[in-house]
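**Q** Listed here are the chains, written in short residue letters.
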Amino acid sequence: MSEQKENYFIYADPQKCLGCKSCELACGLAHSKTDLITAVLEDYRIRPRNRVVQADGVKVTLQCRQCEDAPCAQVCPSGAIGQRDGMVFLNRDLCIGCKSCAMVCPYGAIRVRSEAQGKGDGRVKRAKALKCDLCAEVNGVIDSETCACVKACPTKAIALVDYEELIQRSMEARAKEIAAVASGREK
Amino acid sequence: MNKEFSADQAVKQMLPLAKKAGLETVWDRFEKQQPQCGFGTLGICCRICWQGPCRIDPFGDGPIKGVCGADADTIVARNLIRGIAGGTAAHSDHGKHIALTLLEISEKKAEGYQIKDEVKLRSVADKLGLPQEGRDLYEVAGAVAEATLEDFFRKDESIHCSWFDKTLPKERVEKLEKLGVVPGNINGSIAEIMARTHIGTDADPVNLLLGGIKCALADYVGMALATDLSDAIFGTPAPVKTRANLGVIKESAVNIAVHGHNPLLSELVCDLAAELNEEAIKAGAKDGINVVGVCCTGNEVMMRRGIPLATNFLSQELAIVTGALDAMVVDVQCIMPSLATVKECFHTELITTMPTCKISGATHVEFSTETAKESAGKIVKLAIEAYKRRNPAKVNLSDITETAYAGFSTEAIIAALSTVDQEDPLKPLLDNIVNGNIRGVVLFAGCNNPNVVQDHAFTAIARELAENNVLMLATGCGAGAFAKAGLMTPEATEAYAGDTLKAVLTAIGKAAGLSGPLPLILHMGSCVDNTRAVAVATALANKIGVDLDKLPVAASAPECMSEKAMAIGTWAVSLGLPTHLGIVPQILGSELVTKVLTEGVKDLTGGYFFVETEPKAAAAKLLEAIETRRAGLGI
Numbered sequence: 440m441s442e443q444k445e446n447y448f449i450y451a452d453p454q455k456c457l458g459c460k461s462c463e464l465a466c467g468l469a470h471s472k473t474d475l476i477t478a479v480l481e482d483y484r485i486r487p488r489n490r491v492v493q494a495d496g497v498k499v500t501l502q503c504r505q506c507e508d509a510p511c512a513q514v515c516p517s518g519a520i521g522q523r524d525g526m527v528f529l530n531r532d533l534c535i536g537c538k539s540c541a542m543v544c545p546y547g548a549i550r551v552r553s554e555a556q557g558k559g560d561g562r563v564k565r566a567k568a569l570k571c572d573l574c575a576e577v578n579g580v581i582d583s584e585t586c587a588c589v590k591a592c593p594t595k596a597i598a599l600v601d602y603e604e605l606i607q608r609s610m611e612a613r614a615k616e617i618a619a620v621a622s623g624r625e626k
Numbered sequence: 003m004n005k006e007f008s009a010d011q012a013v014k015q016m017l018p019l020a021k022k023a024g025l026e027t028v029w030d031r032f033e034k035q036q037p038q039c040g041f042g043t044l045g046i047c048c049r050i051c052w053q054g055p056c057r058i059d060p061f062g063d064g065p066i067k068g069v070c071g072a073d074a075d076t077i078v079a080r081n082l083i084r085g086i087a088g089g090t091a092a093h094s095d096h097g098k099h100i101a102l103t104l105l106e107i108s109e110k111k112a113e114g115y116q117i118k119d120e121v122k123l124r125s126v127a128d129k130l131g132l133p134q135e136g137r138d139l140y141e142v143a144g145a146v147a148e149a150t151l152e153d154f155f156r157k158d159e160s161i162h163c164s165w166f167d168k169t170l171p172k173e174r175v176e177k178l179e180k181l182g183v184v185p186g187n188i189n190g191s192i193a194e195i196m197a198r199t200h201i202g203t204d205a206d207p208v209n210l211l212l213g214g215i216k217c218a219l220a221d222y223v224g225m226a227l228a229t230d231l232s233d234a235i236f237g238t239p240a241p242v243k244t245r246a247n248l249g250v251i252k253e254s255a256v257n258i259a260v261h262g263h264n265p266l267l268s269e270l271v272c273d274l275a276a277e278l279n280e281e282a283i284k285a286g287a288k289d290g291i292n293v294v295g296v297c298c299t300g301n302e303v304m305m306r307r308g309i310p311l312a313t314n315f316l317s318q319e320l321a322i323v324t325g326a327l328d329a330m331v332v333d334v335q336c337i338m339p340s341l342a343t344v345k346e347c348f349h350t351e352l353i354t355t356m357p358t359c360k361i362s363g364a365t366h367v368e369f370s371t372e373t374a375k376e377s378a379g380k381i382v383k384l385a386i387e388a389y390k391r392r393n394p395a396k397v398n399l400s401d402i403t404e405t406a407y408a409g410f411s412t413e414a415i416i417a418a419l420s421t422v423d424q425e426d427p428l429k430p431l432l433d434n435i436v437n438g439n440i441r442g443v444v445l446f447a448g449c450n451n452p453n454v455v456q457d458h459a460f461t462a463i464a465r466e467l468a469e470n471n472v473l474m475l476a477t478g479c480g481a482g483a484f485a486k487a488g489l490m491t492p493e494a495t496e497a498y499a500g501d502t503l504k505a506v507l508t509a510i511g512k513a514a515g516l517s518g519p520l521p522l523i524l525h526m527g528s529c530v531d532n533t534r535a536v537a538v539a540t541a542l543a544n545k546i547g548v549d550l551d552k553l554p555v556a557a558s559a560p561e562c563m564s565e566k567a568m569a570i571g572t573w574a575v576s577l578g579l580p581t582h583l584g585i586v587p588q589i590l591g592s593e594l595v596t597k598v599l600t601e602g603v604k605d606l607t608g609g610y611f612f613v614e615t616e617p618k619a620a621a622a623k624l625l626e627a628i629e630t631r632r633a634g635l636g637i
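Here the protein sequences come in this chain order: A and B. The first sequence begins at 440 in my numbering and counts up by one. The second sequence begins at 3 in my numbering and counts up by one.
Chain A with its partners taken away, still in its complex shape (with noise of 0.2 Å):
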């Protein structure tokens, strides 16, 4: 069997995020499959996977992790949520809404909420678990120049971020650095 590949992650760098919430409008209508004037004029509802927040001074947009021993995924009880394809994967068909999932996810970041059109017959409410999917569901691929939020920050404060090889460029960089002090020192 081959190794499985760690998950890829959206991450917000809190220096350059200005707060201005153009992830969360990009992320909404990604989902929504529509445009802004589209989504304004026809009523849609639009909503974001991420959510941007302010903490003692900071501000930042969080979304889901995809945590490779995800909570979520160890407490749903109808088994909607698993790990597939790099992510943590939501199976929203699944999904009853029970907010288990929300309720211990460290970063706040599943919220049930409903995103379908009227006002149903009044049995269900028809809100369903709503978590980052890199864009996945959206373009059939995960890949920086899909992710709506990365592609909408306007000063590149967001990045889709492929651990294997976030770690290879790191310590690559280190080695760099090692090396340049290493030589200094033979001169």
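Worth double-checking, as some hints may not be accurate.
[Unchecked claim] Covered stretches of chain B, going by a simulated chain A footprint (3 or more residues, C-beta under 8 Å):
{"no.": "1", "stretch": "28–41"}
{"no.": "2", "stretch": "275–287"}
{"no.": "3", "stretch": "584–597"}
No wet-lab data here; the hints were simulated from the structure. The model shown is predicted, which means the values in this text are computed figures rather than measured ones. Just so you know, even glycine gets a beta-carbon here, dropped at the ideal spot from N, CA and C.
Got chain A; can you put chain B on it based on the hints?
**A** Only chain B this time, still in chain A's reference frame:
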């Protein structure tokens, strides 16, 4: 280049050259701004006080009120009318310069300026009800200037602006008076907007919008007086044949582009260019000095002097990219600061002239009425000096130009009509509207906007309307688009006009002594000249004794962009015109404001806005508006 940025053939030719040279243009910057902020797009970002900035969640998930408690309706209305105030300030500042210059002429202080059109000045004096008996030309000029300036500064704001009451149908004035939106003075109307949109002041969106209408009507006043007094000083435009597009920049001449808006500068540059022509030839330019126009200054000198038009707003940078533009002289409004960066790669002198419009990197030659001639001379000499530094290796001339007829002022249109019926010049126009040979009139106005393909919607809508026998007028960068596209020619009438429109334009053209029909679209001037079209409409309305909102007349701004366009569009609606916008205005964050401007305002003024970004659909809606009006008149 995969994406189409412009319908302008010269732009298509020059843009790859700019790219190759690594020069950034407006289209590059537009791409870099993508995606643009959704809150701003919807008008629900409020930066008026420092409790904020606040923004409303357009989908109701987040905050629905700003810190002070202002909701989306209040915020959108405030933002919009502040834009209208900006536009009004811009136009009326232009008008004030003209009026002050007229005053100085009357005091014989403004060397370099004269009253070139005494007839126009006297007709303005008549219109304003100023006595002329026993007064010489200068005394009349002084009285007109004083009465006009009174419209800026009048102490008693309950008295209407003279230029408002005296230029519009009586019924319209009364209707707007009942709404409490008639301006008493221009400056006060602008200040009132700033005051009522201050934190914790007017929060009622409808009341705010009415304030916007009042200010927009002050904009109408500022524009009407700017146009008519410019005519008195520089001459009322009459039909003139010229050329348009970047190909008007010539290799063998010292090329000076006049860019901006106010004819006070460009007229003097033209005068001095003629005076100093020999110096240019001596410097090696065998064709002497070639003045070309950009943007609305371009329209001003095109209308009055037949100066060729290089380009309109969006492609202003490309005039420098030709490598043969020796100087670009600018005054105010719609001047891209990026010109200073583009010209760094060439020998071109960028010359700013106004104390309120400087650009770092440009050469500043201050322009004032008293020293206008001297400054204009200095500017022309700077251009000749720059010519000597021109690098032939960097010259990339365009070969694209089209013939264009300009100069269709209200007076010129009446004069053409009077060749058909001298006793009653409006009768031929009116008869043809009544019998349906002309279905109606559409005024194209407004800017360029990189949100859409440059010039495309203008020409696409115009072709549809032409086929459906609509008489078309154009101003501003809209007029520039048509001139560059070759649609302001008799040939375009032959090619695109419906049969009955063609017959009417041909009959008038022949009666007026032209060999063929009038041009398909009549060039009425710069954006400040939109009031010329109102003068034609008012004359028609007065003749048949109806208000403006009954006439089969509509306005269209397919690429509106500037605050001035917000002001113009709003006064067009206030005067009763169905007004098309081809760009989605930044108001959709408030359903209430959107509804008032597209529907509710109809009950108040008879006019309304409609937004349609698709040209064919826009043409259909303009036609529908015209047919509705015709039905209302029973014709």
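**Q** All hints, please: hold or fail.
**A** Hint check results:
Given as covered by chain A, the stretch 28–41 of chain B passes the check, having 4 residues with a CB less than 8 Å from a CB of that chain where 3 are the minimum. Only when three residues or more bring their CB closer than 8 Å to a CB of chain A does the claim for the stretch 275–287 of chain B stand; here the count is 0, and the claim is violated. For the stretch 584–597 of chain B, the proposed coverage by chain A is satisfied: 3 residues have a C-beta within less than 8 Å of a C-beta in that chain, meeting the threshold of three.
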